[in-house]
Amino acid sequence: MNPFLKVIQLHKNESVLIKKSIKNNREAQHVLFEMHAPKMLSICRYYIKDIHKAEEAMLNGFFKVFTNLKSFKNEGSFEGWIRRIMVRESISFLRQEKHIEFPVEEIEYKNDYSNNIKTDIEVAEIQQLIDVLPEGYRMVFVMYAIEGYKHHEIAELLNITEGTSKSQLFKARKMLQEKIKKLNKLSYGTN
Amino acid sequence: MAPIDFENNIKDKLDERMLKPSTDAWGKLSERLDNQDKKNNKKPYWWLGLAASIVGVLFVVSPFLNNDTKVNDAPKIVNTPEVIQQSKTNRVVVDNDEVIDNVEDVQVKAKRETIQKVEAQKLVNTKKEQELVASVIERTIVSKEKTNSVATAELPKKHMTFEKQKIQDVIAQVQNMQDKNIVITDADIEVLLQEAQKEIKRNRLYNETTGVVDANALLQDVEAELNQSFRSKVFEALKSSYNSVKTAVAQRND
Numbered sequence: 001m002n003p004f005l006k007v008i009q010l011h012k013n014e015s016v017l018i019k020k021s022i023k024n025n026r027e028a029q030h031v032l033f034e035m036h037a038p039k040m041l042s043i044c045r046y047y048i049k050d051i052h053k054a055e056e057a058m059l060n061g062f063f064k065v066f067t068n069l070k071s072f073k074n075e076g077s078f079e080g081w082i083r084r085i086m087v088r089e090s091i092s093f094l095r096q097e098k099h100i101e102f103p104v105e106e107i108e109y110k111n112d113y114s115n116n117i118k119t120d121i122e123v124a125e126i127q128q129l130i131d132v133l134p135e136g137y138r139m140v141f142v143m144y145a146i147e148g149y150k151h152h153e154i155a156e157l158l159n160i161t162e163g164t165s166k167s168q169l170f171k172a173r174k175m176l177q178e179k180i181k182k183l184n185k186l187s188y189g190t191n
Numbered sequence: 001m002a003p004i005d006f007e008n009n010i011k012d013k014l015d016e017r018m019l020k021p022s023t024d025a026w027g028k029l030s031e032r033l034d035n036q037d038k039k040n041n042k043k044p045y046w047w048l049g050l051a052a053s054i055v056g057v058l059f060v061v062s063p064f065l066n067n068d069t070k071v072n073d074a075p076k077i078v079n080t081p082e083v084i085q086q087s088k089t090n091r092v093v094v095d096n097d098e099v100i101d102n103v104e105d106v107q108v109k110a111k112r113e114t115i116q117k118v119e120a121q122k123l124v125n126t127k128k129e130q131e132l133v134a135s136v137i138e139r140t141i142v143s144k145e146k147t148n149s150v151a152t153a154e155l156p157k158k159h160m161t162f163e164k165q166k167i168q169d170v171i172a173q174v175q176n177m178q179d180k181n182i183v184i185t186d187a188d189i190e191v192l193l194q195e196a197q198k199e200i201k202r203n204r205l206y207n208e209t210t211g212v213v214d215a216n217a218l219l220q221d222v223e224a225e226l227n228q229s230f231r232s233k234v235f236e237a238l239k240s241s242y243n244s245v246k247t248a249v250a251q252r253n254d
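Protein chains in written order, with the working numbering: chain A, 1 to 191; chain B, 1 to 254.
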């Protein structure tokens with residue numbers, strides 16, 4: 001089958017499943033869950049270190065998805081809509097667990113990023129690097145660098161100023177760079 | 001601060017990542033959704049319960065509310081009939097003359113009848129006399145009732161019982177007098193009837209239980225009296241003029 005037609009077919013199927021899910025059809029909801037859960041658990045895992053807690057946040061997110069499915073207007077993609085819910089749910093999950101700090105320090109922004117960073121690291125290693133970041137840094141970094149949010153959106157979601165968002169991203173990048181450098185040294189040293 | 005290549009690289013890699021949820025993940029979510037459905041289904045019953053309780057409270061409170069409204073509406077009720085009453089009283093004033101005329105005629109006739117019949121049957125059967133007296137009293141009362149029909153329309157039963165009682169009293173008095181072999185004259189009957197009429201009238205005007213004088217009945221009575229005095233004046237004038245004419249004619253003949 002033509003890949004374009006396959007996408008159309010999938011979209012049609014998804015629309016039907018959404019309509020059925022709105023009517024509390026548990027089977028349809030189950031199918032939608034199976035379709036999107038692996039991706040959404042991965043997103044929750046960006047923010048939450050513990051996989052079980054990430055899954056808990058994901059389930060909270062899916063509960064909101066199915067109970068508020070009527071408010072989904074087919075303006076954007078369904079996955080994008082669920083994804084935004086998952087990000088918000090992960091943030092509120094972390095906030096419920098403990099108070100998140102966003103340390104503000106006077107920073108001199110310098111573009112001293114090196115592109116000579118080893119890029120062929122595994123996903124697991126990337127996740128480990130992100131996990132090491134303080135929560136404030138991690139959240140802003142993931143939202144900006146991976147999820148594609150703008151600073152004003154991040155500021156609104158995390159209830160911080162745009163300046164804080166920028167400084168958090170700068171520090172997160174700097175910290176990651178140092179970590180990767182160390183990782184490179186280790187790997188080159190071993191090699 | 002554009003995303004650097006490294007960030008793009010890790011973004012692509014992380015985007016491709018899929019993490020399989022635990023086997024009981026869907027079970028947990030499904031259970032939560034079921035509970036939510038039950039809650040949603042319970043909502044209408046809760047509202048129904050609330051609505052039913054409100055209706056119940058209204059039902060219980062409604063008698064008190066109705067009482068209040070009656071009290072509040074009282075002035076309104078009084079106002080509207082006033083207009084009607086005015087027109088009625090006008091009519092009554094107009095009609096009263098006729099009615100009073102009729103009443104007086106009836107009374108006069110009745111009195112005449114009784115006098116004639118009493119004269120004729122003075123020593124005859126006492127039962128017949130009693131019946132006659134009773135019928136006369138009843139007729140006079142009924143005729144009086146007609147004149148005061150507007151004022152006393154709401155209280156006929158009470159007056160009837162009082163009036164009947166009076167009738168019984170008069171009959172008893174007459175019977176008592178006859179038992180004692182006292183000769184009953186027209187004047188005696190007249191006195192008894194007048195006394196009874198006075199008492200009935202007083203009873204009508206003044207309510208002993210409430211201590212209130214019926215203003216309407218009083219007005220009716222005064223109107224009737226005024227008419228009577230006017231009538232008597234006319235009668236007197238006619239009588240005097242007739243006498244003067246009579247004496248003049250008699251003197252001329254002399």
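Calculated from the structure, these hints are not laboratory results.
Treat the hints loosely; a few may be bogus.
As the list claims (entries may be wrong) - Straight-line C-alpha distance at most 27 angstroms; calculated DSSO-like pairs for lysine-lysine:
1. A/K150 <-> A/K64
2. B/K20 <-> A/K49
3. A/K20 <-> B/K39
4. B/K28 <-> A/K53
5. B/K198 <-> A/K64
6. B/K38 <-> A/K20
7. B/K13 <-> A/K39
8. B/K38 <-> A/K19
Comparing the hints with the structure gives:
no.	hint	in the structure
1	A/K150 <-> A/K64	24 angstroms, holds
2	B/K20 <-> A/K49	16 angstroms, holds
3	A/K20 <-> B/K39	20 angstroms, holds
4	B/K28 <-> A/K53	14 angstroms, holds
5	B/K198 <-> A/K64	92 angstroms, violated
6	B/K38 <-> A/K20	18 angstroms, holds
7	B/K13 <-> A/K39	12 angstroms, holds
8	B/K38 <-> A/K19	20 angstroms, holds
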